[in-house]
Amino acid sequence: MADITRPWIVDSPLNERWPVYTRANVGEVSHSATTPLMWSMIGGPPAEREWKQALVEFGAFDIDEFREDLIDIQGMVHGYIYLNLSNARTFGARMPGASPELMDRTYLGEIEAPPYIPHPDDDKPEYTERILATVQRVLSETSRPDVEEHKQVAAKLRAERPDLSALTDAELVVRQRQIMAGPYAPMLRTHLRMVYEGSVVTGALDQAVAALGDPSLAVKLMGGLGDIASAAPNQAMWSLGRLVKGAPELTAEFDKGVDGLEERLRASTSPAARQFIAEFDQFIWNYGSRSTEEWSAAPKTWETHRQIPLGMIDRMRLQDESKSPSAQAARLRRQREELTAHVREQLKDDAAALGRLEAVLRSAELYSRSREQSKTNTIRVLHEARLPMWELGNRYVAKGVFGRPEDITMLLENELDKLIKNPQSFVPVIAERWEWYDSLSELEPPFFINGEIPPVTTWPRKKDPDLEPAGPGTVLQGLGACAGTATGIARIITDPEDAPDLEPGEILVAPMTDPGWTPIFTSAEAVVVNVGSPMSHAAIVSRELGIPCVLGVRGATKKIKNGTMLTVDGAAGTVTVH
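So the number in the working numbering is just where the residue sits in the sequence shown, counting from 1, plus 139.
Careful: at least some of the hints might be erroneous.
[As the list claims (entries may be wrong)] Lysine-lysine pairs mimicking DSS-like chemistry, simulated, CA-CA at most 30 Å apart:
(1) K560 / K538
(2) K462 / K395
(3) K698 / K439
(4) K395 / K439
(5) K700 / K602
(6) K698 / K602
(7) K439 / K384
(8) K290 / K439
(9) K439 / K263
(10) K700 / K601
(11) K462 / K384
(12) K462 / K698
(13) K395 / K384
(14) K700 / K295
(15) K601 / K439
(16) K263 / K295
(17) K538 / K557
(18) K700 / K557
(19) K263 / K462
(20) K462 / K295
(21) K395 / K698
(22) K439 / K538
(23) K698 / K601
(24) K439 / K557
These aren't lab readings, by the way, just hints derived from the structure by calculation.
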């Protein structure tokens, strides 16, 4: 049995200057323990370098405030990623118009955090001028050419992908490193900086409509914008689903189940099957980089695990035409335009307030699109760096060294060269690390850490019934992400591979979501998620699809049981159990 009391392979010392850490919002990155390859290749120090620089470029920090060669903005405790809440509070103290308390609400919603203890260096006036310059730039921008340029770079990298099977083991490692140090690093920095820039926009929109007395107004004004990169796969899958619904031979194959479906379709001589495969191949070319846990080292991407998007298409083919993403988008666009006209009418006698609203609406539209495109660019490039690792993993399975391709994730990035020289030497190492990793993954990490880490032996197990099921009449509070109400049967989905379990009209209850989940939204009547924030991907996509959505309902997947009747109010941020 692995000794889990030791620090995990990639654990790092916590920051004493910023001592409060939280798991809030980290569920979108990783809801289980973290593999050594993920943290050493993608997260941890590689991401931290870009993150620190993004905060410096924003104007909120100086680089010498951070510890050199250590992670400060993130945390890694017994394999679990944390967000440094104290660092975020310092950001709030320095940001004009914000506060540490606002940062708590942004990341935690109504969850009570350890009290904020001001530090003499938190609120320093010398940062104000820098941050205000950034705010002015963000609110005056009408385009993001850097994001568009990165989009072209990502597309070019995909188009020029070599035949990975023809590369040597060493060449696969070189390709991964060239991508991570080359196009990936600046794209990640841009995306991380845009997370903070996007918070400027949402804050400005809240302020612009605050006097009108409707707290849900800002969320409603950001719905139905169109051209959201992370929502694009929904329309593509919907079209494939309509193709299946309209062809009896395709329907018959899908009715047999997703297992072996692609092989059956590729073997078919049916014109409809050939058309479907051609369009599905194009779908994989465009969106194959998407997955759940999109920052992992070897996730189940749509390109490497094609049964996952096929399962989502299988659900979409059963939906009524009224669920069409394009029809929903048109409806939402009309609603947003009508609401915007109403708000303009209310502010028509206040030229200054009306002018601020118009400017902020333009910014909200630009940043909602650009932020999602930035994430899409980053993940598409990361996919090109991970595929060589997936190829390497498969090779060592074929050689009998690995039991599964994912075994490569148990190595540190700087161990890859040693692996190539002496693969057999890592067999016992990988086995020992998997045992250790699996033991950690069974645990529920503390939601907050304040200076001291509770002994890992005291952490509860995820399967322990530590949360009582919510009884009839219970109202669970979260963050309203997309206005609207819906009543339906709860369906707990912990992995998008289980998407075929979701029936039309049911409410999706998930531990976390990222763009790899969002096609399931089209099949759901409403969405409830354990974690999330107003500018998270689930929030943006739900607004784009017009699906009532409540995020940050802590423990929702444990408090709500399959088959429970729920009413979701996306404006109030409530989930009522019937």
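Going through the hints against the structure:
no.	hint	result
1	K560 / K538	holds (14 Å)
2	K462 / K395	holds (24 Å)
3	K698 / K439	holds (28 Å)
4	K395 / K439	holds (23 Å)
5	K700 / K602	holds (14 Å)
6	K698 / K602	holds (13 Å)
7	K439 / K384	holds (27 Å)
8	K290 / K439	holds (23 Å)
9	K439 / K263	violated (45 Å)
10	K700 / K601	holds (15 Å)
11	K462 / K384	holds (14 Å)
12	K462 / K698	holds (28 Å)
13	K395 / K384	holds (14 Å)
14	K700 / K295	violated (46 Å)
15	K601 / K439	holds (22 Å)
16	K263 / K295	violated (44 Å)
17	K538 / K557	holds (17 Å)
18	K700 / K557	violated (47 Å)
19	K263 / K462	violated (51 Å)
20	K462 / K295	violated (34 Å)
21	K395 / K698	violated (34 Å)
22	K439 / K538	holds (22 Å)
23	K698 / K601	holds (13 Å)
24	K439 / K557	holds (26 Å)
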